[in-house]
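*Asks:* Protein chains in written order, with the numbering used here: chain A, -5 to 256; chain B, 147 to 410; chain C, 144 to 630.
Each hint can be trusted.
Derived DSSO-like pairs (lysine-lysine); straight-line CA-CA distance at most 27 Å:
(1) C/K198 <-> B/K314
(2) C/K349 <-> A/K225
(3) C/K178 <-> B/K314
(4) B/K304 <-> B/K314
(5) C/K190 <-> C/K178
(6) C/K603 <-> B/K329
(7) C/K198 <-> A/K225
(8) C/K190 <-> B/K314
(9) C/K198 <-> C/K527
(10) C/K178 <-> B/K329
(11) C/K178 <-> A/K225
(12) C/K603 <-> C/K590
(13) C/K527 <-> C/K190
(14) C/K258 <-> C/K349
(15) C/K603 <-> C/K178
(16) B/K314 <-> C/K527
(17) C/K190 <-> A/K225
Over the 12 Å line for every Cβ pair with chain C, so calculated as not near, a few chain A residues:
(18) A42
(19) D43
(20) E67
(21) P69
(22) S83
(23) L95
(24) G98
(25) F99
(26) W101
(27) I103
Treat the hints as calculated values from the structure; they're not laboratory data.
All C-beta atoms, glycine included, are put in the ideal place defined by N, C-alpha and C.
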Amino acid sequence: MNGGASSREQILERIQRATPGAAASAAALAEDYGALPRAYVRAGRLDADACVELMVHRLREYDAEVVECAAEELPGTIAAQLAASGRRSFVAPPGVPAEWLAAGFDWRIDHGLTAAEIEAAEGVVTAAFCGVADSGTIVLHHSASEGRRVLTLLPDWHLCILRASQVVETLPEYFGRAAGNQGSGDEKAGTRDLGTEGLGNCGHETGRLPRLVTWISGPSATADIEMTRIKGVHGPRFLHVIVVKDRKLGTQGPATQGLSVQ
Amino acid sequence: MRASLFITCYNDTLFPETGRAVVTLLERLGVEVEFHPQQTCCGQMHANTGFRGEAFSLAKRLICMYGEAEAVVIPSSSCVAMIRDQYAGLVEELGDGALGRELETLLPRVYELSEFLVDRLGVEDVGAYFPHRVTYHASCHGLRALNLGNGPLRLLAKVRGLELAPLKNLDRCCGFGGTFAIKNGEVSSAMLTAKLQDVLATGSEYCTALDNSCLLHLGGALHRQFAGMKTIHMAEILASTQDAVAGHPGDGDLLPGAPVGSWR
Amino acid sequence: MAVSAAADRPILDPARARPFPEAALPVLRDPQLRKNVAHAIDVIQGKRARLVAEKADWQALRASASRIKDVALQNLGAYLEEFEARCTAAGGVVHWAADASEARRIILDVLRAEKATEVIKIKTMTSAEIELNPFLEAAGIRAHETDLAEIILQLGEGEPSHIVVPALHVNRSQVREIFARRMGIEDLPDDPEALTAAARRVLRAKFLSVPTAISGANFLIAETGSVVVVESEGNGRMCLTLPRTLITLAGIEKVLPRFRDLEVMLQVLARSATGERMNPYTSLWTGVTAGDGPERFHVVLLDNGRSGILARERERQTLRCIRCAACMNACPVYRQTGGHAYGSVYPGPIGAILTPQLQGLRHAQSLPYASSLCGACYEVCPVKINIPEVLIDLRAQVTDQERQRARRFFDPLYLGLRVAHLVFARAWLFHAAQCLGRVGLRPFTRKDGWIHALPGVGAKWTETRDLRGLPQQTFHAWWAERAKGAK
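One chain only, chain A, in its complex shape (with noise of 0.2 Å):
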């Protein structure tokens, strides 16, 4: 860009000039940012069960609709769900299970599909990286079989597959998961390294974090005109969620084995 070099000296000499507190290395900067208070709740208390409990409740009071199944049911209730829903066409990202996709529907799977093609459907059954269960929150990594963003944006009717293993209870637990630490298995698809070479002035150890990352918290709302709630603007005016009981932590669920979409 034209002057845009002179503009980034000037501007970066001036932020220079303002602070003559800054760390003068990258390792007194790592420390100044190691040294940061973190009082605030940082693992949950509620047990695996009382933690899908909130889950579910938040949900609902988003107005998702939230049913609990088995992980063998898990093709059933789908099934069940799309039939209830009176839709016919589904759209898919490539890396949910074959058994997913309920016969008796139109399945249009994205290998690309154009946004068109898309807004064609009339709803989208993807999985999940994890739930919040603090804030009720659904959180997307965009891996194969959680789809590209436009997927689940699209579509007026979302049904999101969530393993009972993936929720956490606080924020701050999925920002654990989400850098790896204690992985529930899919989000390996989802994360891509971002490289360190080089780059890592701040003294930053740069692990596999998400690229890509949407958090869903209910159904698409605004509450523009004199503050009434109202569903639905611009993204899908109807969140539905399964919620599969995969009991014990670690076993990998039915939405960790997945093609990939890239």
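Got chain A sorted already, so can you dock chains B and C onto it with the hints?
*Replies:* The following block gives chains B and C in isolation, referenced to the frame of chain A:
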């Protein structure tokens, strides 16, 4: 226990009865009250209007004045907030290290009246009698800058005969704000109107507070509107006993038997 | 109603806006507008209070949030360079804009290279700050706002009065009128559901056809070069994923050191802003990703006065702001005046400190005084900006500036404060002044002991309130008398 009373400039001029009540109350509780005759103003008005140099000179004057005092008691939450929140910055910017050290030794000895009673003396029942329906206006500085919490309400709860009426939107400003009431007179009046609605809705005879500046504002509007409700500093309620019920100048018609102050 | 009447259109340019006390008058005299504002902020305030109360670690979150921003600001240069390197490595293009005009030019250059004739936009206060829309319009590029409130304002030719719910001053029947007129829809009912549906229909076509989008940023992540946008409606997700080219305009203060810092920021932001545990949609993206979202991504890092704020020790905390608007929702002044009186796209307490610092004090002299210093803003601020402290500091700067001017010498307030200082500096003079005051006010004092009307500056008080007359005996005189009697 000795306490030096910093009455504040506006109380000295406009609300001498508050000062008299503080003296009555503290002496009744066995506190020896001192009064430094050279005292004037804490500098709040100057600081909040942007006159830092002037504010500093008044701050310095006050810091030096109370070097020896065992405790400084101030019946005005906004003036206490001024000393606690703004003096350090003024001294750092315009003063020297020696003054800074003097301020450091002063700050722990400075008390808002209710703090002095509850925290320093450890009393809640001061033996007061005030047979009226009263609502308490928390005043922003008392509520947020000093974090007085429920200390003032505990003091009022122990006053015999007093019926406490809770005030809605307790945390909302009455719109005084010192020169704000002049510089933004219309906005200030709108805030005052909103506050008055809540105050009048309590159906109280009195609105009390620990800061006469809010009461000057509220009282002025109540009087303009012939609302019938009076304002009274909490010191005057706490000083009242069965023998001597406090009253305001001009209150004689409202409160038979109330001692008329040195009004006119 | 002033929503579309051009004559009454509020001016949100600090260089041209009227002083706050004057600009507040039309609102103070508009009961419908005040009702709309009070209703909206009562709803948000109530929800916020409930959700903050359920969070036992709220103060710990505030402490962390404010310190994270402090470390980021203290080391802003290093973090911005890290962001730039990571974002570039991920396929983004990073631009630096020293001021508003440079940012506008950079954005226009990108749009011209894309041969864009229209662009879809996510609500961004920063683009309002640099007055981007009229600039693009003049250059022949139509900017379509996609946030519902922004559409209401754009179609109704209104101005934002709040940074989170910019059209909170407009009620449903006014929205209906605007939509019916500008979208050409007859028999549109005035229930919010139908109005929202109308906006959805009109915008869906735009989302699917316009290949260029502009967004702001809630956070930039230095560690990963990622950008985060927080929203409710999904218009953001549309703009971030459907177009071929995305331009993000972000103030330099938006950078956070690391990805995990979001675990604090996302917890405090929605609770403070809309009274939700989490807003419906939050998007994070990193450069460009093959097969998912835009093919070309530009970030414009905007200074526009921010490095100047960074340089001032006491004011630096202003840059911690995460634009949640909790301060304006809590502010008793904003509650009465709404946002337009602040003469800036940033209203409320944060606007009162941000605008004068971004635009220069000479343009916004009245704003630091547009507060009763009640401290409600500081109490609710999730990043603990001590707004009253900054207001007082800015007042000192205004005063220093103004005292240089001769005309201020005789300004009653300035003169009064100078005299007051002389008086307070000497007890005997103070006591003399009290006597003088008592005598001077006697003609204005009625029999009941109250003053009902004062001349000059004092009239500002007595217009709506009475003033207690000065009692005969001051406290110190009483004390002296008592001491004498005791002897």
